[in-house]
Amino acid sequence: MLAIRPHLHVRRHALQFLRFHSKVVTCSELLIYGANTDVGKTVVSAALCHYLITRGHAVTYIKPVQTGSETDADAISRLCTAEGLSNIAFETLFHYPSPESPASAAEKAGAIPPEDAAFRQAVVESLARGSLTAPRFRLVETAGGPLSPGPNHTFQADIYAPLGLTSLLVGDARLGGISATVCAYEALKARKQAPKMILFVGSEGQHSNAVAVQRALPEVPVVSIPQVPPLSEPLTNWVALKDVADGMSQVLRVMKGEIPGDEEHLQGAKQEVQVEHLQIDQNHLWHPYTSMVKPGRVWSVRSAEGCLIQLEDGRRLVDGMASWWCAIHGYNVPELNAAAANQLGQMSHVMFGGLTHRPATLLAKQLLDCAPEGLTQVFLCDSGSVSVEVALKMSLQYWAMKGKPSKCRIATVQRGYHGDTFGAMSVCDPVRGMHTLFKGALAQQLFAEPPELSTDWSTGDDGFSSMESLLKERHQEVAAVIIEPVVQGAGGMRIYNPSYLQKLRKLCDELDVLLIFDEIATGFGRTGKLFAAEHAQVSPDIMCIGKALTGGYCTLGAAIASEKVSHGVSGPDGRQPLMHGPTFMGNPLACSIAAASIQLLLDGPWHSRVKSIEEQLVRELRPLAAYAEVEDVRVLGAIGVVELKTAPAEPQKLQAALVDQGVWLRPFGRTIYTMPPFVISSEELSRISGAIASVLDAHIPRSAE
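By the count of the working numbering, the sequence shown reaches residue 795 at its end, each step adding exactly one.
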């Protein structure tokens, strides 16, 4: 099954037109799925139409695809005519007379079935018709189950997913219907369409399918309405039943966010669970860079969607961190959800020792197709930090196999950060970094002065002289140089001139030293280039990647090496293995998601999106340089940094103030910075810039003009 890529123009038009406010409902459209065929979708549609019209609301009933001689619209029309109801419009968009699957029915009718995008566009146009002149409730009834094929064989759930319509699932009350209903719900949930309610027709009693499904899915309301009468009896009496009307009322209450049942009791129970949850967190969970004796404040998250993080208390925060720079596509991405679900159905993991699988080979091909020239061998590992460990080990083994074991030191620059494992810590800044406590236990590496901070790459010194002196003096003992290209991340969000990397590449070649680029933070478009190395138009011998590799879905890293390195590591006879093999190396689930994430990035307008983010950050953050306590404002790609002259005395208060402004940022040291998802809207990005300005207004004085 292929995930359907959201068509942004369709989504935009859908959001423009699908707005309707009434006393009964807050949503104007409802997508009705069935757990299977013949479970009662049409009678539920008829009951909803009847309920709304008899209460003074206009309704449009839309059947996007219909097979068979009679349409469902005809059946509902007859009911409305019998009831004397006229405030309803009907549309059947694609009708094929043969009663079978849409694709084969279209073929028998000699019709060319619409492409998925055209099908969606037809639905959007139908939803929009008349909406600007008269408010209407628009009801869309699907055909079959969520995974029933549409006209082009694509699952219906995948066709409708990009429209983001509120959905209702009609459960299957028949034998075997429990499984069918739960599976249908899970299929929709995986595609970001979790139904707000499951409605059964004729499933009553303590051992009914409705009760069993409610037990299996406690998070979703389950309601049952009476069984429809035999075909010989008119439907008019059934839709008028109080129990049917009550069921429709509950549907609409849930659609507008009301909780059926004893709301006060349910909310009280939720609060008790929340208190217990936070107590467990405070007493037993260690958070990053946090004391267990005096833990910092945390905010509990319920869910995340797009660029928004929803807290348990209902607040929504615009995420300016992309979850530590990795969620470049935002959250709850249909394509990545589908990739994960598909892979889980095959295997979540299998050892990589002696075995291989298609997710790994597909990912390797994608990486080599877009990596800097000359990188040809991929080592898949657990995380970015582990990829650094692997790169360091490759470098040391390379020289050992060359008969030069004395080349066993790593050269790097101050203000660098490469991870929290021991090898990675040894090449982080030993003075100003986060690991000074372990200095005596770490391998002693060689450190040059950091590159000169610069965003104007046309002028000024790049600061290379310190590294040049170090390598010329110590190259006989240096196995490799490791550096974050163009941007030093956790060392202060420092941007420097790519000319530094050009000089470094040339000198490493002259002195026979390997060059490692740590692209964990900068890779996959963050700096405006797919990889930051492209700013300098040079290639390293080894490149480390992680973070955005899986779009923030799960942990995965890779060290990608040149053939020169891989052959050297393997020894003169080619038999020496690289002595590293993580248990979860090449994890199929992670590889599948990573492959989908890279494809989603490359297929989309990532470059223009990052360019727009850069231009907006320049416009909105640059004026903050006028504050007396602001040292510098710098922007590159989807990175915006406001550096203060002194670190805030209470950074937790600063972060809390930002949360109060409705954004999620994590200031550190002297920097307040943002590295948002690439899909962030201009309005959401302005909220981030505005929040930074607001906290500066509250805490930082302006300079005198």
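Hints listed in this document are in silico derivations from the structure and should not be mistaken for laboratory results.
Note that CB positions come from ideal geometry on N, CA and C, so glycine has one too.
A portion of the hints provided could be inaccurate.
[Claimed, not checked] Simulated DEER-style distance windows between Cβ atoms:
(1) L692 - I202: 28 to 36 Å
(2) S772 - T549: 25 to 33 Å
(3) A201 - H367: 53 to 61 Å
(4) A718 - T549: 46 to 54 Å
(5) D551 - A716: 34 to 42 Å
(6) R343 - H439: 49 to 57 Å
(7) D551 - V521: 36 to 44 Å
(8) I202 - V365: 58 to 66 Å
Each hint, compared with the structure:
For L692 and I202, the Cβ-Cβ distance of about 30 Å falls inside the hinted range of 28 to 36 Å, so the restraint holds. For the hinted restraint 25 to 33 Å between S772 and T549, the CB-CB distance of approximately 31 Å keeps it satisfied. Checked against the given bound of 53 to 61 Å, the beta carbons of A201 and H367, roughly 54 Å apart, stay inside it. Checked against the given bound of 46 to 54 Å, the beta carbons of A718 and T549, roughly 26 Å apart, lie outside it.
Hint check: D551 to A716, Cβ distance near 27 Å, so the stated range 34 to 42 Å is violated. The beta-carbon spacing between R343 and H439, approximately 43 Å, falls outside the hinted interval of 49 to 57 Å. Distance hint for D551 and V521: a CB-CB separation of about 22 Å, inconsistent with the stated range 36 to 44 Å. Roughly 59 Å separates the CB atoms of I202 and V365, a value that falls within the hinted 58 to 66 Å.
Hint check: violations occur at hints 4, 5, 6 and 7; the rest are consistent with the structure.
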